[in-house]
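Model the full structure from these sequences, guided by the hints.
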Amino acid sequence: MANRFWNEYQKTIADDHYFYERSCIRQTFFPGSEAAFLRMLREELNKDIFDDFRQHTCTGIGYHTDVVPLETTMTVVARLFSLMTEHGYENYVPSCVTSFGVFTEMCHMWQEHPELLDKTRENLYKACKREFNLPKNIAHPSDVIYHFRNELAQKMPYRLVNRFTGKPLKVVEHIGCHYAKIFPDKGVGKAEFPYVLAGMIEAWGGDVVDYPERRHCCGFGFRQYLIQENRGYSVSNTKKKLESMEPYEPDFIVSNCPGCSMFLDRWQYTIAEMEHRTYDREGYGIPVLTYEEMAGLLLGYNPWELGLQIHQVQCERLLDKIGIPYDPKQKYRAADGKILRAPEKPENLLV
Amino acid sequence: MKKVAIIGAGPAGIEAASVLAKQGVQVTLFEKSESPLKNIQDKAFLFPNFQAAQEIADDLSGKLLTDGITSILGIDIVDVKWQGTEWKLFDAKGQTYVADAVLVATGYQVFDAHRKEELGYGIYKGVITSLDMENMIKHSKITNANGDVPKRITFLQCVGSRDEKSGNNYCSKLCCVTAVKQAIEVKKHIPSCDVSVFYMDLRMWGQGFEEMYRTAQEKYGVNFVRGRISEAAATFDGRVQLKSEDTLMGLPLKMTTDLLVLMVGMEASCGTKVLGKACDISGEYGFIKTVSPHLYDNDTGKPGLFAAGSCKRPMSVWDSVNDARGAALAILEYVESLKNEN
Chain D
0 MANRFWNEYQ
10 KTIADDHYFY
20 ERSCIRQTFF
30 PGSEAAFLRM
40 LREELNKDIF
50 DDFRQHTCTG
60 IGYHTDVVPL
70 ETTMTVVARL
80 FSLMTEHGYE
90 NYVPSCVTSF
100 GVFTEMCHMW
110 QEHPELLDKT
120 RENLYKACKR
130 EFNLPKNIAH
140 PSDVIYHFRN
150 ELAQKMPYRL
160 VNRFTGKPLK
170 VVEHIGCHYA
180 KIFPDKGVGK
190 AEFPYVLAGM
200 IEAWGGDVVD
210 YPERRHCCGF
220 GFRQYLIQEN
230 RGYSVSNTKK
240 KLESMEPYEP
250 DFIVSNCPGC
260 SMFLDRWQYT
270 IAEMEHRTYD
280 REGYGIPVLT
290 YEEMAGLLLG
300 YNPWELGLQI
310 HQVQCERLLD
320 KIGIPYDPKQ
330 KYRAADGKIL
340 RAPEKPENLL
350 V
Chain U
0 MKKVAIIGAG
10 PAGIEAASVL
20 AKQGVQVTLF
30 EKSESPLKNI
40 QDKAFLFPNF
50 QAAQEIADDL
60 SGKLLTDGIT
70 SILGIDIVDV
80 KWQGTEWKLF
90 DAKGQTYVAD
100 AVLVATGYQV
110 FDAHRKEELG
120 YGIYKGVITS
130 LDMENMIKHS
140 KITNANGDVP
150 KRITFLQCVG
160 SRDEKSGNNY
170 CSKLCCVTAV
180 KQAIEVKKHI
190 PSCDVSVFYM
200 DLRMWGQGFE
210 EMYRTAQEKY
220 GVNFVRGRIS
230 EAAATFDGRV
240 QLKSEDTLMG
250 LPLKMTTDLL
260 VLMVGMEASC
270 GTKVLGKACD
280 ISGEYGFIKT
290 VSPHLYDNDT
300 GKPGLFAAGS
310 CKRPMSVWDS
320 VNDARGAALA
330 ILEYVESLKN
340 EN
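Protein chains in written order, with numbering that gives the first Met the number 0: chain D, 0 to 350; chain U, 0 to 341.
Treat the hints as calculated values from the structure; they're not laboratory data. Honestly, I wouldn't trust all of these hints.
[As the list claims (entries may be wrong)] In the PhoX-like style, the derived pairs of lysine-lysine whose C-alpha atoms are separated by at most 25 Å in a straight line are:
hint: 1; chain 1: D; residue 1: Lys166; chain 2: D; residue 2: Lys320
hint: 2; chain 1: U; residue 1: Lys37; chain 2: U; residue 2: Lys92
hint: 3; chain 1: D; residue 1: Lys239; chain 2: U; residue 2: Lys242
hint: 4; chain 1: U; residue 1: Lys1; chain 2: D; residue 2: Lys180
hint: 5; chain 1: U; residue 1: Lys164; chain 2: D; residue 2: Lys10
hint: 6; chain 1: D; residue 1: Lys239; chain 2: U; residue 2: Lys92
hint: 7; chain 1: D; residue 1: Lys180; chain 2: U; residue 2: Lys164
hint: 8; chain 1: U; residue 1: Lys338; chain 2: U; residue 2: Lys1
hint: 9; chain 1: U; residue 1: Lys253; chain 2: D; residue 2: Lys238
hint: 10; chain 1: D; residue 1: Lys169; chain 2: U; residue 2: Lys124
hint: 11; chain 1: U; residue 1: Lys186; chain 2: U; residue 2: Lys253
hint: 12; chain 1: U; residue 1: Lys253; chain 2: D; residue 2: Lys239
hint: 13; chain 1: U; residue 1: Lys242; chain 2: D; residue 2: Lys238
hint: 14; chain 1: U; residue 1: Lys137; chain 2: D; residue 2: Lys180
hint: 15; chain 1: U; residue 1: Lys301; chain 2: U; residue 2: Lys338
hint: 16; chain 1: U; residue 1: Lys137; chain 2: U; residue 2: Lys37
[Stated by the list, open to error] Some residues of chain U that are not near chain D, with every Cβ distance over 10 Å (derived):
hint: 17; residue: Met0
hint: 18; residue: Ala52
hint: 19; residue: Lys137
hint: 20; residue: Ser139
hint: 21; residue: Gln206
hint: 22; residue: Pro302
Quick caveat: nothing in here was measured; it's all calculated off a predicted structure. Glycine included, each C-beta is placed from N, C-alpha and C at the ideal position.
Structure below.
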């Protein structure tokens, strides 16, 4: 790892009093991640974080696929900021990397073109009689976890170490493109050697895998997936990354972006079905975690409450390596206590 | 006898000292390093005639023996001030020296390739600089990261030059031809090696350069690819994976190489920057500013304070030597005028 580079590229991350903005898709893909983040902030770190039930989309996917015009995106972003302002917060923490990119980009445009900010204020007021302040600090939740990684490490009963061999787990980290590739100085470590996830992995005992396609897109790429005819591009990009990391035999992948975590995980099933191949030795695939799931597991949170059963590549083998206990019978237990029917098993990807 | 202080014992400083001493001027030559001509000593051969750098260094070193030159090595001059009747030089330890005129010839330093981290210098063993390659050629030992004979070597131009990200928008002028020279040297040492040079545009401005470029292609089979390398990463077997675009073909390109050689540009040396600031003669990018590049390119605008060589901008050895002779003439005119005043 190129530690000396990221050391020069730090960003300001607020210490407390956050306004949390949830993601449109993360609660479906990784249902326990956002709850785990709030729990960590409130219970482990004793921080103040506000979660407003009136929040809504940032328009990110629509904006990046040219469905939503810029003026609309600005007004929607302004409404979210108005919620933050109404509750007296100044530190904005958007759960999704796409949202983080959208908020950063809008603030940058408003700074460069103040007339657009004036127009947005006017549009928001006309639309819903609301006003807003710009946030003093915008940080992605992965920034916040990175910021407190050493404090969290002290509370973690588990480490990223293979309990059978005593060696650090080999972890592939993948940063969402919109975290640091749009505005490199807004990401810890910038775009070339991003350190936000690598810092967590190292602080919690693991080794970061530096593989050739480390900076390559996960495959989501918005239009690559959202336009059905382009989905071949999406799968082939993910395949390129998986092939590149395969020789290093990573124990798992961790990402800070909903799209990346989703596609690096789900396309492993697709590739297994299409080509009868997986990217680990035994045929189980490489587990993909969100950073909240990684942190939550090490803090001893229940893997099923973190939502690991929703993943395509199953995580039990990883839990065994770390030594995290789990109850297989509870894997498909719903919140009301009912045991749900287990999903069908894929033909080519072992579970 | 009039006294002239020269700061920097590179080609410009030594040549000017030699010319001035032969004209009866008492010259004190200050050099920060413990030995003169460090930048030339780092080279194996100089373009376009592939003359051994050591020969040129020896020739220049011989000029230091000219009567009237006193060389003071290991002294870092950090400030120069006009004291009403003479110039006073201050070294880093607080000692002072006096002179009637001063020539700044503090030269250049190469761009620190660590700053372009996307290219992996200092991170991946297979990524080296043109200076490292020069050293390999000098010792006739060109090896990859594992110590084996490389099968493919790739050169990348404009590392730290013509590059807004690194803050150096200017052309370093010498890297294009240096890459051609090094590519030929590699092929002479390892004929089977596949050698490519990635460039933005090749600036073969000097006499014999264009011919070298043709020879590299026709005789040695060096590939020239128009495109920037956007990213370098180590492969599992310790080679270097490159991503680029071939802008003539209009296609993205990915390849693996044993060695990636970064053609690092020239920057104002630390000494140049320090003196430029202290004497208020600092120009763009920290190089020394002169009155006019056309007619008064050795005059700093401060009577008695002159500049020569690559402390002003990227220059070849011969450019520096010729420039130093011009500076020596300007200094002679100046000290003559002082004699007349007296």
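Results of checking the hints against the structure:
1. D/Lys166 to D/Lys320: Given that 25 Å is the threshold and the Cα spacing comes to 10 Å, the pair holds.
2. U/Lys37 to U/Lys92: 22 Å, holds
3. D/Lys239 to U/Lys242: Holds, because 14 Å separates the two Cα atoms, which is no more than 25 Å.
4. U/Lys1 to D/Lys180: With a Cα-Cα distance of about 60 Å, the restraint between U/Lys1 and D/Lys180 is violated, given a limit of 25 Å.
5. U/Lys164 to D/Lys10: Answer holds: U/Lys164 to D/Lys10 is near 19 Å, not above 25 Å.
6. D/Lys239 to U/Lys92: The given pair, whose Cα atoms are some 58 Å apart, is violated under the 25 Å limit.
7. D/Lys180 to U/Lys164: With Cα atoms ~14 Å apart, D/Lys180 and U/Lys164 stay inside 25 Å; holds.
8. U/Lys338 to U/Lys1: 8 Å, holds
9. U/Lys253 to D/Lys238: 16 Å, holds
10. D/Lys169 to U/Lys124: It holds: about 21 Å lies between the C-alpha atoms, which stays within 25 Å.
11. U/Lys186 to U/Lys253: The given pair, whose Cα atoms are some 23 Å apart, holds under the 25 Å limit.
12. U/Lys253 to D/Lys239: Answer holds: U/Lys253 to D/Lys239 is near 12 Å, not above 25 Å.
13. U/Lys242 to D/Lys238: 17 Å, holds
14. U/Lys137 to D/Lys180: 40 Å, violated
15. U/Lys301 to U/Lys338: 18 Å, holds
16. U/Lys137 to U/Lys37: Distance of about 15 Å is within 25 Å: holds.
17. Met0: Given that every Cβ of chain D is farther than 10 Å from that of U/Met0, nearest at about 51 Å, it holds.
18. Ala52: Per Cβ check, U/Ala52 is outside 10 Å of chain D; nearest 32 Å; holds.
19. Lys137: Per Cβ check, U/Lys137 is outside 10 Å of chain D; nearest 29 Å; holds.
20. Ser139: At about 31 Å from chain D, U/Ser139 clears the 10 Å cut-off, so the statement holds.
21. Gln206: For U/Gln206, whose nearest Cβ neighbour in chain D is about 40 Å away, the distance exceeds 10 Å, so it holds.
22. Pro302: U/Pro302 clear of chain D: closest Cβ-Cβ about 43 Å, beyond 10 Å.
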